[in-house]
Structures are given as structure tokens and as C-alpha cells.
Amino acid sequence: MLGKRGHMIRLVGGGAGVNREPLVRDAIVIQGLTKTFGPKVAVDNLDMVVPTGSLCGFIGPNGAGKTTTIRMIMSILFPDRGQLSVLGKASALDSKDRIGYLPEERGLYRKMKVGAFLTYIARIKGVDPHGLTATIKTWLDRVELADVYRKKCEELSKGMQQKVQFVAAVLHKPELLILDEPFSGLDPVNTRLLRDLFNEQHAGGTTVIFSTHVLVQAEQLCDRIVMIHEGRKVLDSTMTQIRARFDPRTILVEVPDAAAGLEALRGRPGVHAVRPENGLLSVSLEDGADPQHMLRLIVGLVPALRVELKRPTLEDVFVQIVEDTGGRTDERQPGGGNGAAAPAVPARSGAP
Amino acid sequence: MKKVLVVAWREFLATAMTKAFLIGAVIIPLASMAMIPLIISLVANTKAPAIEGTLAVFDPTGKVVPEIAKRMTPEAIAKRHGEYQAHVKRAIGEKTQGIPLDAKSKAMAESSIETALGEAPRIKVETLNSDAKIEEEKATLRPQGPVPRGKGASRYEVPAPGARLALVVIDPNAVTPASGQADFGGFQLFVRPRLHDLILSDMRRVVEQSVLEARLRANGYDPAAIRALTTINAPETQEMTASGQRQSSEVFNMMIPFGFMLLLIMSTMVGSQALLTTTVEEKSTRVMEVLLSALSPMQLMAGKIIGQMAVGLTLMMLYGGLGVIGLVSFALLDLVSPVMVVYLLVFFLIAYCLIASIMAAVGSAVNDMREAQSLVGPILLVVVMMPYILWMPISRDPNSMLATVTSLIPPVSPFVMIVRLASTQPPPTWQVLLSIAVGFAAVYAFFWAAAKIFRVGVLMYGKPPNFRTLIKWVRMA
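Listed in order, the protein sequences are those of chains V and P.
Quick note, this note's numbering runs 155 ahead of the 1-based positions in the first sequence.
Quick note, this note's numbering runs 1 ahead of the 1-based positions in the second sequence.
Hints listed in this document are in silico derivations from the structure and should not be mistaken for laboratory results.
Where hints are given, some of them may not hold.
To be verified - List of simulated lysine-lysine pairs, BS3-like, C-alpha gap at most 30 Å:
(1) K71/P / K292/V
(2) K244/V / K453/P
(3) K266/V / K4/P
(4) K268/V / K20/P
Stated by the list, open to error - Chain P side only, calculated, beta carbon under 10 Å to chain V, not exhaustive:
(5) K4
(6) V126
(7) K284
(8) T286
(9) M289
(10) V291
(11) L292
Unchecked claim - Away from chain P, derived, C-beta distances all over 10 Å, residues of chain V:
(12) T191
(13) T207
(14) G237
(15) I279
(16) L370
Even for Gly, the Cβ is constructed at its ideal location relative to N, Cα and C.
Using the sequences and the hints, build the whole thing.
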């Protein structure tokens with residue numbers, strides 16, 4: 156396993172240093188991007204920057220405009236307004252061969268053999284046919300599909316097809332890898348395999364962007380998060396900043412006697428509510444209460460076996476933002492106050 | 002451009018290198034061509050079974066029976082049989098000079114009388130008395146027992162030797178009209194069910210000739226003299242060519258334009274239909290987005306159109322080649338001038354590009370094949386049916402107003418023009434050039450509109466589009 160992985164890193168890294176154009180600081184820069192479909196505003200005045208070398212999660216609820224944005228980045232759709240630059244070019248059309256793309260709606264030619272399909276995709280991505288077969292076989296081996304080279308695409312299971320698609324997206328050693336919902340429909344084993352491959356690509360210097368609505372994945376993988384909701388950006392930050400910014404407002408306490416603990420803590424100054432949760436007591440704090448102070452207070456009040464600050468998960472952040480912005484959408488006029496959503500962080504501040 | 006060619010090559014392989022294509026477009030036509038001599042020899046060698054039986058004749062005139070008996074001797078039957086075979090083979094042989102079947106069939110026709118004697122049916126003529134009851138006689142022909150059915154049952158019955166096969170009832174006025182009247186009578190033929198059709202048709206012909214000959218004799222004519230008077234020996238019309246003379250090719254003068262038109266329609270339609278299918282497939286399997294991440298919609302569309310053009314050209318060369326072989330074997334190759342090959346390619350280019358751009362646009366816009374059919378149906382009806390409808394009037398009069406006007410209206414114009422060019426009165430050069438110019442202008446316009454629809458359509462899913470939506474997309478993009 157180790158040897159295999161070491162080999163892979165060489166394979167990826169081999170492409171990183173050679174034949175690349177001078178690195179631009181930001182792989183993707185988007186300004187005021189707007190796209191409407193009939194009466195529906197799919198993407199509304201979006202600003203976004205993805206620094207080169209980052210592994211960026213693009214999150215949002217279903218129908219938030221993630222796929223539309225990605226298609227505009229890929230120059231598959233064209234924006235009504237706004238500007239974008241991809242790998243330093245005004246359009247992805249000028250750098251298609253340097254971008255790997257795994258679309259949300261995956262497809263293969265049903266009657267085509269896997270090997271022929273991958274060769275074809277690599278060729279239209281401008282890969283030199285010399286030695287291509289060996290590269291494809293290495294990759295198929297890497298995703299544990301060594302024996303499918305001569306099989307027809309229609310003979311593969313859905314998960315296998317998805318892995319073939321992933322190989323198709325990275326065969327040409329892209330500098331920028333854009334994956335739209337890459338984990339949908341995969342079992343845990345293949346999810347882990349794909350996650351390892353992402354990390355390898357990232358470690359090899361590739362900028363990776365992937366969209367998902369499964370937030371645990373984003374949390375585990377990404378160093379940056381961009382979240383959009385109803386076509387507007389509501390969060391753009393590094394994971395560290397998000398954790399720092401979203402103050403823990405809950406303290407978990409483990410006590411020998413839950414009933415007694417509940418009694419002891421309820422109604423104390425600074426405590427908003429106490430409720431039992433999975434054998435622990437979940438103490439939510441009042442606004443303005445200092446968590447450090449409250450920790451000490453709780454230890455003094457009850458015989459605690461364990462006391463911890465509950466770190467907010469991305470899911471908590473997500474739900475909070477959706478609820479916050481959801482309540483405000485009526486007041487906001489098109490074009491105005493997009494970045495005004497409370498948690499938004501200045502775009503560039505989080506660059507590593 | 003390199004990418005476009007990669008797309009074109011895949012498109013060609015995906016269409017032309019499939020079992021379905023090889024079987025449907027190559028093997029079946031070739032096999033059916035190979036079948037033709039086989040079928041001809043089967044037809045020519047069909048023989049009546051050597052059954053034995055009687056033909057009952059009720060003849061109130063008394064003049065027809067001897068004539069029938071004269072023609073129903075085994076020798077006479079065998080002779081007619083041999084003449085029939087020889088006739089079939091001669092008819093085929095005339096049309097297939099150079100095909101080896103000819104010499105063989107001549108020899109067969111000559112030897113057939115001797116060989117046929119042993120195999121021909123033997124039919125005895127039985128004369129019924131003048132007081133015979135026709136209904137009772139007819140009843141003897143009804144089948145005895147159930148008719149065998151199902152597997153193994155022959156279409157034809159083999160009656161027991163000596164069984165009555167048929168009954169002929171001659172009208173009393175068949176030979177001479179009743180006094181004071183001008184109309185002649187005739188005869189009625191009743192047969193057993195499932196009697197072999199060659200025996201049946203031979204019997205009918207025999208009775209007809211017998212009645213005719215009885216009438217001639219009754220009026221004092223010599224049948225042999227009449228036959229000699231009414232037979233004219235005139236070989237087929239000969240056409241004087243530069244080097245010699247050959248059989249006139251009136252039929253070919255009509256068929257060659259038709260052949261060219263068919264070749265053009267077929268190669269155009271096969272390629273552009275496949276273009277529609279692959280585009281719809283790419284869209285419905287969602288490969289489209291993967292492709293568009295590597296190619297611009299224009300590169301994709303161009304590649305696909307070029308690839309399928311290669312498919313159409315392959316077919317055209319294949320069938321055109323067969324056509325040339327056919328003309329060579331009929332010794333008629335000089336009916337087609339080599340310039341026609343150039344024209345065929347030019348008009349193929351125009352016709353294919355026009356229809357392919359329609360197909361690309363429709364294929365990109367729809368979600369599945371069913372929607373595609375409902376959109377292209379009306380278009381195809383015009384494009385495919387119009388040339389068929391126009392072929393007759395235009396090849397009759399290649400420079401009529403109808404011909405001139407339709408050869409300037411794309412996408413029908415290439416088909417009309419190729420018919421006119423292949424005809425015996427080719428159109429003036431300025432018309433050909435104008436038609437080509439109009440054709441290419443239309444190709445440009447069609448490509449332009451198709452490109453716009455393609456760009457918008459490839460990623461549109463959901464509501465099936467109609468023509469109004471397509472026009473909207475052209476304006477939008």
C-alpha cells in the first residue's frame with residue numbers, strides 16, 4: 156500500500172514541475188458573476204477567489220447555484236454579467252487542457268470500452284498519445300479497476316463508472332481540478348479512496364475545488380470553504396477562521412447523576428438552557444456570556460467527569476447561515492448588500 | 002483542429018465500425034446482390050411436378066377437343082416447358098451480358114426438351130358425353146378427406162395417378178356465334194384445389210389457344226398462316242454510339258439520374274441520422290458535459306459533422322463502386338461521365354452539411370430519440386420525399402421551370418441538380434454554378450444557426466423543445 160501510494164505521488168508530482176505556465180496567485184477570480192434562467196436568478200452578483208494550491212469546498216444547499224457557478228467557471232455556460240479569470244485567462248476555454256473537470260451529471264459512452272473512452276478523453280484534452288495506454292492502466296490500477304480496460308462502460312457498476320470518470324478528469328495532470336458532487340453515490344470504502352486521491356492531487360500542487368452538500372466531507376478535506384445560498388455567497392473563509400469565528404456557545408458536561416446536574420445548572424446566570432444529550436448535559440450559553448468563565452463556573456457547581464466546549468461543526472454554521480439569510484431575503488434588493496450576511500469574511504484574508 | 006479530428010475519428014469508428022452498421026449497410030446489400038443470380042436460376046428452373054391425371058372436357062361444339070388433345074401430348078407439354086425456361090433465361094441473358102449464367106442457360110434450354118420429357122406431367126384428355134351432368138362432374142374435383150395443414154404440408158397436392166385434375170366446360174357458342182348474334186362464347190375451367198400453378202397456367206393457355214384455333218379453322222383461315230402474319234421479327238432498338246452500336250438505353254436514361262439521386266440521399270441520410278443518434282446519446286448519457294470540459298461546442302459539432310461525413314462518403318464509395326461494376330457489366334459505363342463524380346462529391350458536401358446541421362441542432366436540443374423523431378420527422382419528410390416526387394417530372398424534362406426553380410431551393414437543390422446533371426440534357430453551366438453557390442451560402446447559414454442552437458441546447462434538459470424554442474435560442478446565443 157505504501158509503495159503504491161509513493162508511486163502515485165511521483166506520478167502526480169512528475170507533472171507538477173514541468174511544462175507549466177508561471178503560477179498565478181489565484182487559480183480562480185470571480186467578480187460580480189450573475190446568471191439568470193428565465194425569471195430565476197441562479198447566481199447573483201457572486202465574488203469569489205480561489206488561491207492557487209488550495210483545496211476549496213464549495214458548499215450550499217440543493218439548488219443554491221453551485222453547479223451553475225462551476226459550469227460558468229468551465230465556460231460551459233456563460234454569465235449574464237460579471238467577470239471571471241481561470242488560471243490567469245479570461246475564459247476556461249483558453250486553458251481547458253489545464254483543468255480537470257468531473258461534472259455532477261456523469262456519463263460515459265455506454266458501448267465504448269473503458270480503455271478507449273479514457274484514451275479519447277485524454278486525447279481531446281490534448282494528451283500526447285505516446286505512452287498514454289500505460290498511464291491509463293496505471294490509473295485504473297490505482298482506483299482498483301485493473302481489469303476493466305477492455306470492458307464496455309455499460310458493464311460497470313455505478314461506483315466503478317464514477318471512478319473511471321475521476322480518472323478521466325485527472326489523466327491530463329491538470330493544474331486545477333473541479334469536481335461537482337464527487338462523492339454522491341459512493342460507498343464508504345470508495346469515498347475514502349477518492350478522498351485519498353484528492354489529497355494526493357492537492358499535495359502534488361493541484362488546486363482542487365469540489366462542491367458538495369455533505370458537509371462532513373468538506374470539513375474533513377478542505378482548507379477553505381465557500382458557501383453559497385440562493386445564488387449569493389454567504390461564507391468565504393478558511394476552516395481555521397470559521398472555527399475561530401463561530402464561537403462555541405455550548406458546553407458539554409458529563410456528570411454521574413444527570414438529574415441532579417440538571418437541577419444544579421438550570422437557571423444559573425449565563426446559562427440559557429440545559430438539556431440531556433446522549434448521556435451528557437448540553438449547556439447552551441446566553442449571549443454575552445464568556446465561555447472560559449462559564450467552564451470554571453460549571454466545574455465549581457457540579458461533580459464533572461468531563462467538561463468540554465462543543466466546537467461548531469460546519470453543519471451548525473451552515474444551518475445557522477441558512478436560517479439567518481432565509482429570514483432576510485425579503486428585505487434585500489437585487490444587487491445590494493450581498494456580502495452583508497453576518498459571517499462573511501473578507502475574501503482575501505484567508506489566503507494561506 | 003487536432004481535437005476536432007480526434008472527435009471525428011471517434012465518431013467514424015463509433016458509427017462505421019459497429020456490427021449493426023457492417024451488417025445493415027454493407028453485408029446485407031452485398032449479400033442480396035449475390036443472391037440475384039441464385040434467385041434468377043431458381044425461377045428459371047422451376048418445373049411442374051410430373052403428376053399423371055386427366056383433363057375432362059365438355060365440348061358441345063366438338064371442335065375444341067381435338068385441338069386440346071393435340072396440345073396435351075407429353076411431347077407438346079415438354080416442348081412448351083423447355084420453351085418457357087429458355088424464354089426466362091433469354092430475357093435475363095439479354096439484360097445481363099457478360100454474366101456467366103448466359104452460356105450455361107442456353108445449353109440448358111437446348112437440352113431441356115429431352116430431359117424434360119421424363120419429368121413433365123402426363124395429362125390425358127377425357128371427352129365427356131353431351132348428356133353429362135356438369136354439376137356432378139364438377140363435384141368429382143372436390144378434395145377427398147381433410148386438407149393437410151401445418152408443418153410439412155405441401156402447398157401442392159400430388160393426386161393419385163389417373164385422378165381427374167380439371168374440367169373444362171366449353172360454351173356452345175365458343176367457336177361460332179349463335180345464329181343472329183355477333184358475340185362469341187368462351188369456356189370455364191374448374192380444377193382441384195392445390196393444383197400446381199405451372200400446370201394450371203399451362204392448361205388455361207392450352208384451352209385458350211385451342212378455342213382460338215378452332216375459331217380460325219371454322220372461318221376458313223389457316224392458323225399457321227395467321228401466326229406467320231402476326232409475328233414480327235424486330236430486334237431491340239440499337240443506339241449508334243461513337244464506336245459502334247448498342248442496345249438503346251431508354252430505361253437507363255431514366256434510371257441513372259435516379260441512381261445518382263438515390264446514392265446522394267442514402268449517403269446523406271445515413272451519416273446525418275447517425276449524427277443525430279450520437280448527439281442524442283451524448284446528451285442523454287450526460288457525456289456531453291465531460292466533452293465540453295475539453296472542447297468548445299464548436300469543436301465538438303465540427304468534429305461530429307466531419308466524422309459522420311466520412312461515414313457517408315464511405316457508403317457512397319461502396320455503393321457507387323457497386324454501381325460502376327454494374328454499369329461495366331452492362332457495357333454502359335460511357336453513360337456516366339467522370340465529371341459526374343466530381344459533381345456528386347460537391348453536391349454530397351452541400352446536401353450532407355445542410356441536413357447534418359439540422360440533425361446536430363435537433364440532437365443537441367432534445368432529451369431522447371423520441372423527441373428527436375418528432376422534431377426531424379417533418380424536415381425529413383420534405384428532404385427525402387421531395388426528391389422522389391420531383392425525380393419523374395425532372396428527369397422527363399430536365400430544363401423545365403420546375404427543375405430550374407427547385408435546383409435553387411436548399412436543401413432540395415442538391416438532389417434536383419444531381420438528377421439534372423445525370424440526365425441526357427444537362428443544365429447550363431451557369432445554373433450549376435449558381436446552384437452550388439446558393440448551396441454553400443445555405444450551408445453557411447445552416448451552420449451558423451445550428452451552432453447557436455447547439456451551444457445553448459447541449460446543456461438544456463427538461464421540457465422538450467419545439468421550433469419556436471429553437472428559433473429563440475438562435476436569437477439568444
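* Asked: Among all the numbered hints in the text so far, which are the ones the structure does not match?
  -> Result: hints 1, 6, 15 break, sorted rising.
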